[in-house]
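Novice: Two chains, two separate frames, one set of hints: put the complex together.
Here is how the chains run, residue by residue.
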Amino acid sequence: MSAGEMVCTACSCLCDDIEIEIENGRIVSMEKACRKGTAFFFGSENERLRTVHLVDGKQVDTDQALAAAAGLLSRARRPLVFGMDNASLEAQRQGIELARMLGAVLDDSSSFCQGKLTHDILTGTLPSCTFDQIHDSDLIIYWGSNPHNAQPRHLSRFSLYAHRKYHEMGATRYVTMAVVDVRESETAGAGVAHRFFRILPGEDSNFIAAIIEGIKGNPVRKDASGFLKLLKQSRHCVIFAGLGLTYSLDNDFSLFYEMLKHLGGWMKTFVIPMSGHYNVRGFNYSLYNATGCVNKVNFAGGAVSHGDEFSLLEQVKNRAADCLLIVGADPFSSLPISVLKHLDGVPLVTLDPFRTATTEASSVVLGVSLTGLESGGTAMRMDGTTVTLMPAKWTDKQSDVQILERLKELLRP
Amino acid sequence: MKLTIVTYRDIFLWSERYKENGQPAAALVRLSPKDLADLGIAAGEKLKLTNEEGSIVVDVLAEPKCPSGYGYMPVSPLVNRLTTCRHGKLPNFKHIEVKAEALES
Ligand code: SF4
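In order, the protein sequence lines correspond to chains A and Z.
In terms of our numbering, the first sequence opens at residue 7 and continues consecutively.
In terms of our numbering, the second sequence opens at residue 183 and continues consecutively.
Just to be clear, a hint being listed does not mean it is correct.
[To be verified] With a Cα cut of at most 25 angstroms, we get these calculated SDA-like pairs of lysine to any residue: (1) Lys-347/A to Asn-233/Z; (2) Lys-323/A to Pro-259/Z; (3) Lys-230/Z to Gly-208/A; (4) Lys-281/Z to Leu-206/A; (5) Lys-271/Z to Leu-346/A; (6) Lys-247/Z to Phe-202/A; (7) Lys-235/A to Lys-274/A; (8) Lys-230/Z to Phe-194/Z; (9) Lys-122/A to Val-393/A.
These are calculated hints, taken from the structure and not from any lab test.
Here chain Z stands alone, though its shape is the one from the complex (with noise of 0.2 angstroms):
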């Protein structure tokens, strides 16, 4: 499935950036039950999403209003690895495109 990845900053990129195991909370995404279904997937189970730039695996949360064709990630270095910033443009955090595959539990 194609999603557009937008990013949003949570507390914890301060909050927990500063313990020892840095960033737990930025491997998820959150994607409306929609597509959860179309994914095959329940939330608490893993997603890889992938791009020319690369590929993560994440957590899955349920997002009742999160529109479909969407999911919402918490900005991170992790997150990073699937952004791109064209010539004169400003980096894509608010429209990452990516391929969404359930990954066996």
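Chain A on its own, in the form it takes in the complex (with noise of 0.2 angstroms):
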């Protein structure tokens, strides 16, 4: 038997106090993990869920799936790559420098999630902290997220039970935490939120309009007068956006700008994207030091290129790919099947560890270790801060750093 700690790569927290015991094998225990993390780890014990090397869908071994992938990949005119946010840094390093190689787009799933907000993190335009200057706050607000359902430890071990002046029985409330949301979540309701703002589907933009108005002193909607009164008490508040806030706004955050701006006025204000996969924060920092750009960048031609029209979405739309590359992610899972219709008679090759709707429609499938279970490295959680990641349990299969590698050598000109 071994036991001992590990990362947690089932979301962005990546939490690292993740207790394991593992016997002839198997894991036996798992403490600290929540209910989202212990059924990643526990389901990869399941080989039915797990991948194995396929090309057309008969099993092959490493060199057989790897020539076939590259095979694809060298006869492709405009291939895509896509993913990396379920891949550590050094996986992303692998991969951004195999799409450089091919002249490929690259692209992840921060183009319809997150990416816009972590730019702006990035090139400074956007304040943000790290979970440590949490504790400085006096106001925890989560907007348009939900993380009891995405991100289940985030109020246990980051924000509000974690702050140091948060005392559950106290009669001085020291840190207030706010949700707007357009359910009342779990999060939001069951007295975890001290304070709830429900707005209706898509009214984002109207209730932050009506804040300005109401920092310009100017008569405002009740809710937002609330929220208005909530922020003046404030002098260091911590924002956690989520995708309904980006998706609300169309990923137009101009507006949301604004009011950070005139909150500048008398208060700290920070952001900090709730990102899904454990990793895609890091995949937004690799692209940004490789290039400039955190997202949808164009390798063709040697130089590199930026735009919309290089996100995975308008590619596929526009049938603009002749071969995708899918590297720990699952699009077929998570996008509409109006737009994946597209890539009817597109050759895939995916790396994943785990068997997907994504795996099940590629022509070639390269089954990866588990990173963070059975494979190391480092990963960027979702306030920016690496972590070492710590294999926990011995496998034969190889990483998704060693299978990119490889790629990378049979593809070289």
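Specialist: Put into structure tokens, the structure is as follows:
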């Protein structure tokens, strides 16, 4: 039996206190992980849910799968590399180099999630902070996010319940938590949030506009004036911006930023995007370091260009790509079928530790180890902190880093 | 009846995904009691949701605080049979317009 601590890679909280016991190559216990993390790691022991190397549905060895993948990618005239949000920083570096070598378009899920916010944090235009700095805050706002389901230990490990000034039984409250959402989620209700501001779906921009009017001293709707009162009592606020906000604003944060600018007159406000996949912030960081862009880049002709036309969604809708390399991502589960149908006839090469709707649709599947449990590396938590991943369990599967390195060798001109 | 479906993330997405039967909890919509009454159905019955992209059948749950005219559905490949993505926009995961019809039980 071996016992130790590991990092959970089931979400971008990257909880690093997970206690795991392994006996005869199998997990016998896992402490401190939430329901999501536990399901993720115990699920990895179900062989039916894991990938093997496949070419056109037939199981093959690593060399055969790599040769088939390299053949498809080398014949492609307009390859697209997508994903890597569930891959270590080391794998991301390999993937970016491979995309550059192929002259491919490269994108990840941040182009339809939190990429805009992360870009603005990396370029210094949007103030953000780390989880450690949350202890200075007196107001925590979850806006369009429900960590109870998506990042289940977020409150207990990093925000409200972990706050040094939080006292469950205390008569005086030093830190307040508010939720802005369209639905009374588990985070918004059940006595978790101190204040809940329910807005109608798609109404975030109206709500923000009303707050700005309120700051200017104009009369505003009751909920906005209540929200403003809360802000006025605060000196240091952290906003956890969720996908609900991003989608409601359709990725146009100009009004939100205007509100932050107005608030800057009397308080400090920091924004942390509520990322989903464990290393999506790392992907933005890795690509930004390599190209100056966080997503949607094109390496065609040896140069780097950037634009909305290089997002996965636009590439697929315009049938622009003739072969996709998908690494640690499952677009077939998360995107509209009306978009995915444009991929009919386009060969897909997918690296993933798990069988997914995307691996089922792929011509070549490369079954890799599960990073965090079976292989190590580094990853970037949603607040920009780098976390080291140490494997807890032996596997005969190669890691995504090793497979991408070998693919690069095969494709090197 | 016309409804706007708003998707949300449910923990089952992850906790059930790694079980044998996939996502049993995906096929549900949460509606206001008023809309349930207008549709003439009770919680637990089935509703067909249709738009130009496709059609799905889901179980109905009552959510007292859901505003009338809206329905909440968990993110899943099932609801993605109804979602779209217009040029230059994000997918309409938070505002999927559908026609809702009660199914004979
Ligand atoms: S909150 Fe996220 S990282 Fe932490 S245990 Fe749960 S799934 Fe894993």
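Novice: Mind checking the alpha carbons of Lys-230/Z and Gly-208/A for me, to see if they're no more than 25 angstroms apart?
Specialist: holds (24 angstroms)
Novice: When you check the alpha-carbon spacing of Lys-230/Z and Phe-194/Z, does it fall within 25 angstroms?
Specialist: Holds. Lys-230/Z to Phe-194/Z sits at ~22 angstroms (cutoff 25 angstroms).
Novice: For Lys-122/A and Val-393/A, compute the direct alpha-carbon distance and say whether it is at most 25 angstroms.
Specialist: holds (23 angstroms)
Novice: Verify the proposed pairing of Lys-271/Z with Leu-346/A, using a straight-line Cα cut of 25 angstroms.
Specialist: This hinted pair holds, its Cα atoms lying about 16 angstroms apart.
Novice: So if I understand the rule, the pair passes when the alpha-carbon distance is 25 angstroms or less; does Lys-323/A with Pro-259/Z pass?
Specialist: Holds. Lys-323/A to Pro-259/Z sits at ~18 angstroms (cutoff 25 angstroms).
Novice: Quick one, are Lys-247/Z and Phe-202/A close enough, alpha carbons at most 25 angstroms?
Specialist: Distance ~13 angstroms between Lys-247/Z and Phe-202/A Cα, so the pair holds.
Novice: When you check the alpha-carbon spacing of Lys-347/A and Asn-233/Z, does it fall within 25 angstroms?
Specialist: It holds: about 17 angstroms lies between the C-alpha atoms, which stays within 25 angstroms.
Novice: Is the straight-line distance between the alpha-carbon of Lys-281/Z and that of Leu-206/A 25 angstroms or less?
Specialist: Between Lys-281/Z and Leu-206/A the Cα gap is close to 20 angstroms, so the pair holds against 25 angstroms.
Novice: Taking 25 angstroms as the top limit, are the C-alpha atoms of Lys-235/A and Lys-274/A close enough?
Specialist: With Cα atoms ~15 angstroms apart, Lys-235/A and Lys-274/A stay inside 25 angstroms; holds.
Violated hints for the displayed structure: none, as all numbered hints are satisfied.
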